[in-house]
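> For reference, the chains in residue letters:
There are 2 protein chains.
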Amino acid sequence: MKRVPANRKFIVPGFKFAGISAGIKKSGDRDLALIYSESPAIAAGMFTTNRIKAAPVKLAIENITSQKAQAIIINSGNANACTGKKGIKDAREVNKKTAEELGIPSELVYVSSTGIIGKPLPVEKINNAVPGLVDKLSPSSLRQVASAMMTTDTFAKMSSRKLKIGRKRGTITGIAKGAGMICPNMATMLCFIVTDIAINRQALDSALREAVTSSFNRLIIDNDMSTNDTVMILANGNLQNRPITKRSAEFNIFKNALNEITYDLARMIAEDGEGATKLIEVIVKGALTEADAEKIALAIANSMLVKTAIYGQDPNWGRIVAAIGYSGVEVNENTLDISLNKIKLVRKGLGTNKEKVARKTLSKKNIIITVDLGIGKETAKALTCDLTEGYIKINAHYST
Amino acid sequence: MKRVPANRKFIVPGFKFAGISAGIKKSGDRDLALIYSESPAIAAGMFTTNRIKAAPVKLAIENITSQKAQAIIINSGNANACTGKKGIKDAREVNKKTAEELGIPSELVYVSSTGIIGKPLPVEKINNAVPGLVDKLSPSSLRQVASAMMTTDTFAKMSSRKLKIGRKRGTITGIAKGAGMICPNMATMLCFIVTDIAINRQALDSALREAVTSSFNRLIIDNDMSTNDTVMILANGNLQNRPITKRSAEFNIFKNALNEITYDLARMIAEDGEGATKLIEVIVKGALTEADAEKIALAIANSMLVKTAIYGQDPNWGRIVAAIGYSGVEVNENTLDISLNKIKLVRKGLGTNKEKVARKTLSKKNIIITVDLGIGKETAKALTCDLTEGYIKINAHYST
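Going line by line, the protein sequences match chains L and D.
Mapping to the numbering used here: the first sequence position 381 is 381, numbers consecutive.
Mapping to the numbering used here: the second sequence position 269 is 269, numbers consecutive.
For the record, the hints were derived by calculation from the structure and aren't laboratory data.
Every value quoted in this text rests on a predicted model; they were computed, and no experiment measured them.
For glycine and all other residues, C-beta sits at the position ideal for the given N, C-alpha and C.
Any given hint could be a false lead.
[What the hints assert, rightly or not] For lysine to any residue, the following SDA-like pairs were computed, each having C-alpha atoms within a straight-line distance of at most 25 Å: (1) D:K365 with L:I394; (2) L:K168 with L:F155; (3) D:K9 with D:K136; (4) D:K393 with L:D314; (5) L:K348 with D:K89; (6) L:K285 with D:G84; (7) L:K85 with D:K9; (8) D:K360 with L:H397.
[Said to hold, decoys possible] Here are some chain D residues the structure puts well away from chain L; computed CB gaps all over 12 Å: (9) K25; (10) E100; (11) A291; (12) N334; (13) K365.
[Stated by the list, open to error] Interface residues of chain L toward chain D, partial, derived using beta-carbon atoms under 10 Å: (14) F47; (15) R51; (16) A79; (17) G84; (18) G118; (19) P122; (20) E124; (21) S226; (22) I310; (23) E333; (24) D386; (25) I394.
Build out the structure end to end from the sequences listed, making use of the hints.
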């Protein structure tokens, strides 16, 4: 399960990274990270739709109106949420210190926090560590950032694509942290993407929205939504290509690569769901509309009974049928097919008595649930993981 | 935890009950039950809103248009859902056999099933057992019915009230089965209520709807909704009071008693949630509308993170705040108070640092989460239980 991709492929010209321990986490693990672009980058961001937002998220939503960014400082171990006016002041202090040390305007610095809610941010610890963090910046240290963001994650999540833009080769690289508290509408707690490709703000924003819609917003671990969820993308134009617009030929190439990266990261988050032993992809076909297909895919991905059955390697398709039925979509029982991996368990609404062979396929690590409604042509996918005793153990004792 | 209420208090004049083993469950436990009224009763019912309904539910929805019932035959161990045309035929055969043995019209007989989905109903076993079941009918055997309905329940759920109707004393008694697959909009799989009080159909139907709204529809175990959920009430008029109408003085007395009974049963279902160690009541106050209060109460009751924290006796109020925030209701962080039992953990949106004493109160079996939004005067309650390894164990291996 250990992922050791070459660090080199994650290098994005003009960006530097560092991750260290500032002593926020009791464990002494890395808990403070910095992403830095040598020049101001075009930036786009999407943030939690939770009505209660963490202090740094409130600031980031303000900042992003400038459409620019040059640095992101990220801490784990403390979410700086439900911390009132002091929380805002604390986030501003971290912002200011980081801007000073980097010698850049504070409007170009974003603060991002993840961890326990309702405790004051240890500003002194963080600000004392900022100079050392800045000193360690290096183009090949993205993995340090990915690991410093982790809370209950068990591995660092990184994905990268090289793409031809005219005669040049650009790079898009993303990192994410996830695991628990994941549900649609900003399914990741934190995801940061950087690219050296020049692209205008409108195109960048639109590509990000499309990518998030079909990846993080189709990902469910436990249907709880965090106060801190953030996805940001920074494009520093280091490649010096003619900036991509929504009308460029390269816009589709850029979007496809970004879609692949966010789907990769969402898949890793599902795989690394708290306590998960299996990655589950739900594919719903034959729907009248994509929205119908999405509703059903999410209902199945969100069903605790489906997720425990997959964990128990139990081909209990009745639970899948029940989830389809309560999704709110008008379906026809008599045209319904359901498969687990390639084993067709339900044909035209009736069981095929293939439980024995289905039980065998459920011993695999990757499970694909395919539902064909048989009433239309639209499709949607969702990602989730199984639900195990491990999830309970992790979450019953997190704040202690 | 064992409940051994006197059987006598559950007696309702004019009703008889029986529960036996028909060999549907491998365990040899009771799995077939009969509720019988000596005379045709006025009946009202509410059924699952799942688009995919079990065969017996389809028949019951048809039958209830007659507004009458005289017998309900209930089996556990098999839901007769996703069984196609054969399922309907099978339910009709059980209906017919029961009507014959009781010597009453088949339109007055309801069939109800709970258990595994997608397997053919063992009609022969059931119909062979019906004569013996009818022979065993007795006024004091309601507990047999309650226990024969059980699937993963650990105790039989019964509640009763005596009430003065004019100079007479009438009785309302209800039984329920629940445990898993419970979510709002018909939160119980099966609930049957009988009364000897005469009441007209309109009043009975309206009282039932009101009672279900504030009890079973405010109950969450795992947010999955069954294909079989059913609540029925039968009023046989044995008391010979002047039939209650919506304009009678006694209508409120009747409604209050019925509300208490359904809330009692909902509470027992939460207490007996699969793997549960704690009963959780969520009270939301200070909302602008009751609908807002309900949304927030259900979001909290549905949060896996809140439920695992309560299990771990961890006063992680940040998770409660997160659930309030994603409920979709416009709230003000700065007027928000949160208590666990009587310990105020959050005042005006900020932590009070009472985690230590809160941890202690969480060792109790009954936990009340009180949220005061501080922006209005409306209130709603929800019921749930904690989420434990036990839930996972039970549900990972149910169909085997």
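> For each hint, tell me whether it holds in the structure or not.
For each hint, the structure was consulted:
1. D:K365 with L:I394: Holds: D:K365 and L:I394 sit about 21 Å apart, inside 25 Å.
2. L:K168 with L:F155: Not satisfied, since the Cα-Cα distance of roughly 32 Å exceeds 25 Å.
3. D:K9 with D:K136: Satisfied, since the Cα-Cα distance of roughly 20 Å is no more than 25 Å.
4. D:K393 with L:D314: Satisfied, since the Cα-Cα distance of roughly 12 Å is no more than 25 Å.
5. L:K348 with D:K89: Given that 25 Å is the threshold and the Cα spacing comes to 18 Å, the pair holds.
6. L:K285 with D:G84: Holds, because 22 Å separates the two Cα atoms, which is no more than 25 Å.
7. L:K85 with D:K9: violated, 58 Å
8. D:K360 with L:H397: holds, 15 Å
9. K25: holds, 17 Å
10. E100: Non-interface label on D:E100 holds, nearest chain L Cβ at 29 Å vs cutoff 12 Å.
11. A291: holds, 16 Å
12. N334: Contrary to the label, D:N334 does not stay out of reach of chain L, its closest Cβ about 7 Å off (not over 12 Å).
13. K365: holds, 16 Å
14. F47: violated, 13 Å
15. R51: Result: holds, 5 Å to nearest chain D Cβ.
16. A79: Because about 7 Å separates L:A79 from the closest Cβ in chain D, which is inside the 10 Å limit, the hint holds.
17. G84: holds, 5 Å
18. G118: holds, 4 Å
19. P122: violated, 15 Å
20. E124: This interface hint is violated because 19 Å lies over the 10 Å limit.
21. S226: holds, 6 Å
22. I310: holds, 9 Å
23. E333: holds, 5 Å
24. D386: holds, 9 Å
25. I394: holds, 8 Å
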